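Novice: In this note's numbering, each number is its position in the sequence shown, counted from 1, plus 140.
Hints are computed from structural coordinates only; laboratory data are not their basis.
In this text the structure is predicted, and so the values were computed from the model without any measurement.
Beta carbons: idealized from backbone N, C-alpha and C, even for Gly.
Errors might be hidden in some of the hints.
Cβ pair distances, simulated, as ranges [said to hold, decoys possible]:
1. N222 / R286: 38 to 46 Å
2. T329 / N222: 38 to 46 Å
3. S311 / T225: 30 to 38 Å
4. R337 / A245: 55 to 63 Å
5. N222 / Q324: 28 to 36 Å
6. E292 / F319: 27 to 35 Å
7. A203 / Q341: 41 to 49 Å
Cut-off 20 Å, straight-line C-alpha distance, at most; resulting in silico cross-link-like pairs (EDC-like, lysine to aspartate or glutamate) [to be verified]:
8. K328 / E317
9. K306 / E317
10. K307 / E317
11. K215 / E295
12. K215 / E317
13. K307 / E295
14. K328 / E339
15. K307 / D290
16. K264 / E274
17. K215 / D272
18. K215 / E313
19. K307 / E291
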Amino acid sequence: MRPSLRSHATVLAVIPFVVGFLVAVATPSTAADTGARSASQSAAEPAVKNAAMPAAVSASAPAVQPSPAFRAAMKRFLLAQNIPTQMGEQMAYSAAEQFLAPLAASGVAVTEPMQALVLDEARKDFGKRYGDVEYLTELYSGVYARHFSDEEITELAAFWESPVAKKLLASTETINESFITQLQSATKTQMNEFQVRMENQLRAAGILGSAP
Numbered sequence: 141m142r143p144s145l146r147s148h149a150t151v152l153a154v155i156p157f158v159v160g161f162l163v164a165v166a167t168p169s170t171a172a173d174t175g176a177r178s179a180s181q182s183a184a185e186p187a188v189k190n191a192a193m194p195a196a197v198s199a200s201a202p203a204v205q206p207s208p209a210f211r212a213a214m215k216r217f218l219l220a221q222n223i224p225t226q227m228g229e230q231m232a233y234s235a236a237e238q239f240l241a242p243l244a245a246s247g248v249a250v251t252e253p254m255q256a257l258v259l260d261e262a263r264k265d266f267g268k269r270y271g272d273v274e275y276l277t278e279l280y281s282g283v284y285a286r287h288f289s290d291e292e293i294t295e296l297a298a299f300w301e302s303p304v305a306k307k308l309l310a311s312t313e314t315i316n317e318s319f320i321t322q323l324q325s326a327t328k329t330q331m332n333e334f335q336v337r338m339e340n341q342l343r344a345a346g347i348l349g350s351a352p
């Protein structure tokens with residue numbers, strides 16, 4: 141069975157977040173529900189906070205002409221994190237969702253075959269363009285060149301090509317799932333205690349009444 145847009149919500153929803161996460165890890169100061177999916181998966185990806193639109197995000201900033209060396213390192217940076225593939229999928233799902241959402245809102249029954257057809261077409265356009273590493277290198281280079289030197293972007297590329305970075309990328313989803321489970325367990329008791337305390341205070345203030 142072909143996957144529906146909704147069944148993939150998680151992966152794409154976290155890409156922009158992941159992107160920010162990865163940059164944060166890689167630098168000293170430191171992976172949509174595009175309306176189509178639900179966020180439960182997690183994260184390890186690259187690049188600009190609004191990763192899908194690096195050029196638009198920085199349209200007001202002064203233009204910078206990255207050197208050939210910078211562009212080469214930027215390309216390595218993107219490929220090491222598999223960003224072209226992820227971005228192509230993100231943009232295809234986003235485009236498909238933007239087309240299908242109004243139909244669904246108007247009462248049209250959006251079936252899985254419809255989703256599959258629209259997604260296939262979106263991949264031909266948006267997936268192809270934003271999955272092209274040369275195109276993304278051009279977009280990202282203009283943004284990153286305002287913040288990193290040739291030497292720095294080369295260091296970042298080298299980091300993401302390193303074994304420890306590859307381990308981070310491969311392990312992040314599992315780590316995040318484990319952390320969420322642990323966090324839920326740790327907060328359950330505290331939440332129960334908080335609820336009892338607040339109910340008692342509200343009853344004492346005559347706000348809640350005596351109902352359980």
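Novice: Run every hint past the structure and note whether it holds.
Specialist: Status of the hints after comparison with the structure:
| no. | hint | verdict |
| --- | --- | --- |
| 1 | N222 / R286: 38 to 46 Å | violated (24 Å) |
| 2 | T329 / N222: 38 to 46 Å | holds (39 Å) |
| 3 | S311 / T225: 30 to 38 Å | violated (19 Å) |
| 4 | R337 / A245: 55 to 63 Å | violated (42 Å) |
| 5 | N222 / Q324: 28 to 36 Å | holds (29 Å) |
| 6 | E292 / F319: 27 to 35 Å | holds (30 Å) |
| 7 | A203 / Q341: 41 to 49 Å | violated (58 Å) |
| 8 | K328 / E317 | holds (17 Å) |
| 9 | K306 / E317 | holds (18 Å) |
| 10 | K307 / E317 | holds (16 Å) |
| 11 | K215 / E295 | holds (13 Å) |
| 12 | K215 / E317 | violated (30 Å) |
| 13 | K307 / E295 | holds (18 Å) |
| 14 | K328 / E339 | holds (17 Å) |
| 15 | K307 / D290 | violated (25 Å) |
| 16 | K264 / E274 | holds (17 Å) |
| 17 | K215 / D272 | holds (11 Å) |
| 18 | K215 / E313 | violated (24 Å) |
| 19 | K307 / E291 | violated (24 Å) |
Violated hints, listed in ascending order, are 1, 3, 4, 7, 12, 15, 18 and 19; each of the other numbered hints is respected by the structure.
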